[in-house]
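Visitor: Residue numbers (our numbering), protein chains in the order written: chain A, 1 to 705; chain B, 1 to 705.
Rather than coming from a laboratory, the hints here were simulated on the basis of the structure. Quick caveat, the model's predicted, so the values are computed rather than measured. Honestly, I wouldn't trust all of these hints.
Where chains are identical, the list cannot tell them apart; a pair therefore holds if satisfied intra-copy or between any two copies.
[Unchecked claim] Calculated lysine-lysine pairs in the DSS-like style (CA-CA distance at most 30 angstroms, straight line):
id	residue 1	residue 2
1	K622	K61
2	K390	K575
3	K660	K575
4	K102	K523
5	K703	K135
6	K61	K37
7	K622	K544
8	K128	K513
9	K544	K693
10	K579	K544
11	K128	K358
12	K544	K358
13	K693	K575
14	K642	K703
15	K513	K693
16	K61	K523
17	K102	K526
18	K102	K37
19	K693	K428
20	K579	K102
21	K681	K102
2 protein chains.
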Amino acid sequence: MFFLVHLWLNSLMPSSLVPFFSPRGIVIVGASTSPEKLGYGVARNLIQSGYQGAIHFVSQKSGQLFGRALYTDLAQVPDPVDLAVLVVPNTAMPGAIEACAKRSIHAAIIVSAGFREAGPEGAALEKKCLEVARKNNVRLLGPNCIGTLDTHLPLDTTFLQPPMPAAGGIAFASHSGAFCAAIIDWSRRQGFGFSQIVSLGNQADVNETDMLPLLADDEHTRVIVLYMEGVSDGIRFVETAREVTRRKPVIALKVGRFESGQKAATSHTGALAASDIAFDAAFAKAGIFRADSAEQMFDWARALEVCPLPHVGLDRPLRGYSTNVAVLTNAGGPGVIAADALEANGLHLAKLSDATEKSLTDTLPPAAGIHNPVDMLASASPQNYADCLKLLLDDSNVHSVMVILPPPPMFTTESVANAIIPIIQSSKKPVVVALLGSELTANAFERFTQAKIATYPFPERAASALGILARRAEYLDSGPLTVDQTVHHPPSTVSSSTDELLAAYNIPIASIKLARDENDAAKIAKELGFPVVMKIASPDILHKSDIGGVLLNIASEAEARSGYALLIERAKSAKPNAKIDGVHLQHQIESGQEVIVGVVRDPTFGPLVMFGSGGIEAEGLKDVAFALGPLSPLEAEEMMRKTWAGRKLDGFRNIPAADKSAVQDILIKLSRLACDHPEIKEVEINPLRALAKSAVALDVRIKTD
Amino acid sequence: MFFLVHLWLNSLMPSSLVPFFSPRGIVIVGASTSPEKLGYGVARNLIQSGYQGAIHFVSQKSGQLFGRALYTDLAQVPDPVDLAVLVVPNTAMPGAIEACAKRSIHAAIIVSAGFREAGPEGAALEKKCLEVARKNNVRLLGPNCIGTLDTHLPLDTTFLQPPMPAAGGIAFASHSGAFCAAIIDWSRRQGFGFSQIVSLGNQADVNETDMLPLLADDEHTRVIVLYMEGVSDGIRFVETAREVTRRKPVIALKVGRFESGQKAATSHTGALAASDIAFDAAFAKAGIFRADSAEQMFDWARALEVCPLPHVGLDRPLRGYSTNVAVLTNAGGPGVIAADALEANGLHLAKLSDATEKSLTDTLPPAAGIHNPVDMLASASPQNYADCLKLLLDDSNVHSVMVILPPPPMFTTESVANAIIPIIQSSKKPVVVALLGSELTANAFERFTQAKIATYPFPERAASALGILARRAEYLDSGPLTVDQTVHHPPSTVSSSTDELLAAYNIPIASIKLARDENDAAKIAKELGFPVVMKIASPDILHKSDIGGVLLNIASEAEARSGYALLIERAKSAKPNAKIDGVHLQHQIESGQEVIVGVVRDPTFGPLVMFGSGGIEAEGLKDVAFALGPLSPLEAEEMMRKTWAGRKLDGFRNIPAADKSAVQDILIKLSRLACDHPEIKEVEINPLRALAKSAVALDVRIKTD
């Protein structure tokens, strides 16, 4: 199982963060005897949590709280103590941090608000806190967070209404404290529990990236879920997450999908690459599953927590992975809903073996449906459920099973649960249950929850859960992405021409020469070899064909001369104020398929590579795919597979096939080029012409800082 | 309000169906004193339901049941009685139906199973029941159904475990009895109730289409939801639903999305039109909202049941409808989730007026977010919620509001509910509540449910609910679809040429002539006028360009001669066994934009019209939209708006605009042509060339039965 290797990356956890997760003793600075104060709630929760280490309270007034002394000075607090929870007013925070350091406490959770989230003054205060912390080697969680929860240690540094959420295997880190609190309450009736909960607050110091390996190291954590509103250091986030996701599954709900993207982009790539697309690409590269909704995130987490992964990779060389699911139901309707939902989640209905269908026939009444979905009819008994489930799990064509369980008319739902729980628990294949109902299924729900079996109120959500199990299995099976690490020594972009730069990466380009007058044009055309293409050369005219600034099939020196004159005239007429450098000439390449390959530097994640339908329709069709550079061969292949432009390279009807591997190669090399040259803001080959046995860049545009 | 006009279509309810909905007296035939029998459950439920009419029992043995006499013969049952619930064994059913007629009962619900669903013998039995019923003027609901429920009358003819579901305004008709039963149990904890529930079973007689106007006529029903596995008479269904949806909203969950489509299609239109696409088109034409999941169906139904509709139509002439939503929250995270989800549902964050923002500033603490989403901060009191909600509802830029309510740290959730409920109830704008949590929000949930306010556990689902309210308002505002009813008298397709047929509908076509030898080709080319296009003419070569079977720019008689020879040679070499009729010639039309326009006859719904990107890439790009014929101008416009091919007709970069209204006109006319000629199975114009001031069909293919 993938979660047995949890000690791999222990070295990634900096020792400075250990006290947040396994403190020997905790002091609450700002503990209060007034029940309406946060400093009371934190104290109450820490004691009620059953935390086994030392618990100390510091308050302005001495006295007693929950039978413990209230110290008025942090210096008085006895050993052991290595974590502070700071609930003092915001202006007192820098002093409190300094006091922590003096008492040899180097980890502090700042619960108090009134910092960056409250305006410029708060931001200045937060900055000061961080300065004091850095100077004194104190690590900070927060400010403006609701603290941490560990259901297994146990430990509760929040002020939320007890009891703690149920113990489980889901670790949850959140940029929003309120969302955290709401999820904790919501989870109480959902049949799952948490291992760790971390509210990250303003992330003055410790952020989501720091947390990832720590949560992965937790032995009780089987799956990590993140609620994200952004990321502090995108590149470090992706690198860290790539390591973590090899060990434990990570699911993210990233909000802010519709925020405006990069406005100033001038290339097609730039115009199409919104910042949310970069997040999609980052999650894909990191192996993080991006959820569309909070409910989906926890639907997925529950399955990943408790289910084994399905077998995958059956017909891998041919058409990718395939996960075949058997559906067991006592009613036709929900079975059809399930079949639809499986397809929608990229799964397939398993074709049952003849032997399985024969056994089902022997077991079930004649009117039952023995083809998948297996419909046992409304009369199905607990024994029928158990027998048929065993038969399905024993069929090697079946990779996973969805059991559909509406309240059976003749039996209690609980009796069916009792019959199938041992089978699901001992199965090496994943089984999820669509448990339809509420009052009549309440006891069964409790039984499944206790047995750590994932249930969902509808087949659609159960199918989504089976889908994520398949994706996780595929991810682990496909292995880490390998990236070409060849070191290139290209000329710098500042001093070199585009030709030289692409040549350094072995990207074929149809050489472009600038003619500054008619005679020049004729001479260059002859050197390049007829036929040639002529294009207006002006920094102010980006979309040349828009103004008729491209001439094809120039076949003689005379045509080159008159072509020059024509292009200059058209440019002057279309853009009278444009600076015109002359005319570019290029040997005309044979016809082929045109695609676009570009890279735009995302401010958060770095080089974001685009592939898609080329030419002027790139933006209109939006037939494009994105991935973060540097690309592995698999990623480049995936980008082509996702687009019609890429699939068409295999040939379609009378369109002959083109050299797909040459395109893939150029995608990888261009991504490398962009990674090697941080000064390149955008680079775009449009079009890249894919021929039968090669691919050639016909037009390259590079924008540097 | 739209639901006040519920008496409009009363004439649509055939009097024969009245007893199913308001029987004067009911007899249960097959009532049983054994609690494990269905005949006991039905009797128990009918009595417990509080049904006010007469209740009678017929059984094999005389005696008593629930203090009532058990008659052994239906003939003995006294008046009043006009509805029978038949729970006798399947083989006794034809006799039971006949006995009903003899006792002057002309409506029967057949609960028993063992009919069509059980195999050929059952199907024969079902057919016999229907024959007996038709002969004796008895209407049948079922067989193999779980009966009907009316929470207001009240009435319960099911055998499901009591109590009845909560009373409400949602009418639910289902093709699956098991799904029906599961939904009833699930609904108990969801905060909504039903007006009517009808389990349709095998639909030997009464089907979902019969039910629609009946459910719409019910004064307690505000929204109708359908669980559908198919449709008996597609065209009647669409016609009936179009009327019903003008009065009350209808939502459908249609399963079987991924069943295989029409396999034998030879055109692009046929290949792209799967049967599920026809359902999408049918629902669109009927004004039915198609849900993606059971949960979504009821999320929508709840909002449509209790909320007023938002104002729409603000910037209609420019870019369609726009619904602007204000979000009120006490936490930033869920506010961002809401903003994302609103965009994803086609809604927009309202821009608040300066006056509103000023008032919010005066009301809220300085750190609060006064721009939409309005973040009142965690300290928000019930009074803050109430004051801010009022301000938002008073802003004319706001069309609807989502209130986000996680458990407030300093107040009970219930106290917030109490503060805002009167405001929501008296508002003419829709307000939905995202109520995040479970234990801490349980009391508030009860309060909202009692107050008939729609709550959702997450902002994503609340946004989806606001989205359906906007769609409903747009649907009602846009008015009924108007279709050109001009009667054409075209020549019959069997005897006429394609040219004549299209000419009868005023669809411009570049005339095509067949040449049978080289001299013929030269002569025809001269008549058509140079340049001409030449295409191989063979019934066995469908995709001509695949084999190089098309020649352009033929400019002289000599070229026409040699072109003829070349095409024949290419065809023979590519398909040696193909029957070759000769070569088609056509005057070459100036260049323009090429689109595809086609119609395929769907076996269920009739002419299914397609519009999209033309040429050989139609299937590859899948840039196509579908609608059911005959098209209204609005539908034709919508098809163009949905596709890149259609949007491009407005011009894009250096692609000049083309005559969009000519294309729209041809779409409408072709749909009319297909409707007028049931013998046409497929008709496709590919390409239709859109020029600056017209559009011309260049290639038309018609397939008849």
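Visitor: Taking the hints in turn, state whether each one holds.
Guide: Now for the hints, and whether the structure bears them out:
Taking CA atoms no more than 30 angstroms apart as the test, K622 paired with K61 passes in neither setting, with 65 angstroms inside one copy and 73 angstroms between copies. Taking identical chains as interchangeable, the C-alpha atoms of K390 and K575 are never at most 30 angstroms apart, the minima being 75 angstroms within one chain and 54 angstroms between chains. Taking the closest pair of Cα atoms, K660 and K575 come within 30 angstroms of each other only across two copies (29 angstroms); inside a single copy the shortest separation is 39 angstroms, beyond that limit. Taking identical chains as interchangeable, the C-alpha atoms of K102 and K523 are never at most 30 angstroms apart, the minima being 80 angstroms within one chain and 105 angstroms between chains.
With identical chains, the CA atoms of K703 and K135 are never at most 30 angstroms apart, being 41 angstroms at best within one copy and 82 angstroms at best between copies. Taking identical chains as interchangeable, the C-alpha atoms of K61 and K37 lie at most 30 angstroms apart only when both belong to the same chain, with a minimum of 14 angstroms there against 73 angstroms between chains. Taking the closest pair of Cα atoms, K622 and K544 come within 30 angstroms of each other both inside a single copy (20 angstroms) and across two copies (29 angstroms). Taking the shortest alpha-carbon separations for K128 and K513, neither the intra-copy value of 57 angstroms nor the inter-copy value of 86 angstroms comes in at or below 30 angstroms.
For the identical chains of this complex, K544 and K693 are neighbours both inside a copy (28 angstroms) and across copies (26 angstroms), given an alpha-carbon limit of 30 angstroms. Within a single copy, K579 and K544 get their C-alpha atoms as close as 14 angstroms, which meets the 30 angstroms cut-off; across copies the closest is 47 angstroms, which misses it. Taking identical chains as interchangeable, the C-alpha atoms of K128 and K358 are never at most 30 angstroms apart, the minima being 74 angstroms within one chain and 32 angstroms between chains. In this homomeric assembly, K544 and K358 never come within 30 angstroms of each other (Cα to Cα): the closest approach is 68 angstroms inside a single copy and 49 angstroms across copies.
Taking the shortest alpha-carbon separations for K693 and K575, only the inter-copy value of 28 angstroms comes in at or below 30 angstroms, while the best intra-copy value is 39 angstroms. Taking the shortest Cα distances, K642 and K703 sit within 30 angstroms of each other inside one copy (27 angstroms), while across copies they are farther apart (34 angstroms). When the C-alpha separation of K513 and K693 is checked against a cutoff of 30 angstroms, the pair qualifies only within one copy, where the shortest distance is 25 angstroms, while the shortest distance between copies is 41 angstroms. Proximity of K61 to K523 under the C-alpha cut-off of 30 angstroms is found in neither arrangement, the shortest distances being 93 angstroms within a copy and 111 angstroms between copies.
Neither within a single protomer nor between protomers do K102 and K526 lie at most 30 angstroms apart by alpha-carbon distance, with minima of 81 angstroms and 102 angstroms respectively. Taking CA atoms no more than 30 angstroms apart as the test, K102 paired with K37 passes inside one copy only; the shortest distance there is 27 angstroms, against 78 angstroms between copies. Neither within a single protomer nor between protomers do K693 and K428 lie at most 30 angstroms apart by alpha-carbon distance, with minima of 47 angstroms and 67 angstroms respectively. In the homo-oligomer, the alpha carbons of K579 and K102 never lie at most 30 angstroms apart, since the shortest distance is 66 angstroms inside one protomer and 97 angstroms across protomers.
In this assembly of identical chains, the alpha carbons of K681 and K102 never lie at most 30 angstroms apart, being 47 angstroms within a copy and 87 angstroms across copies at closest.
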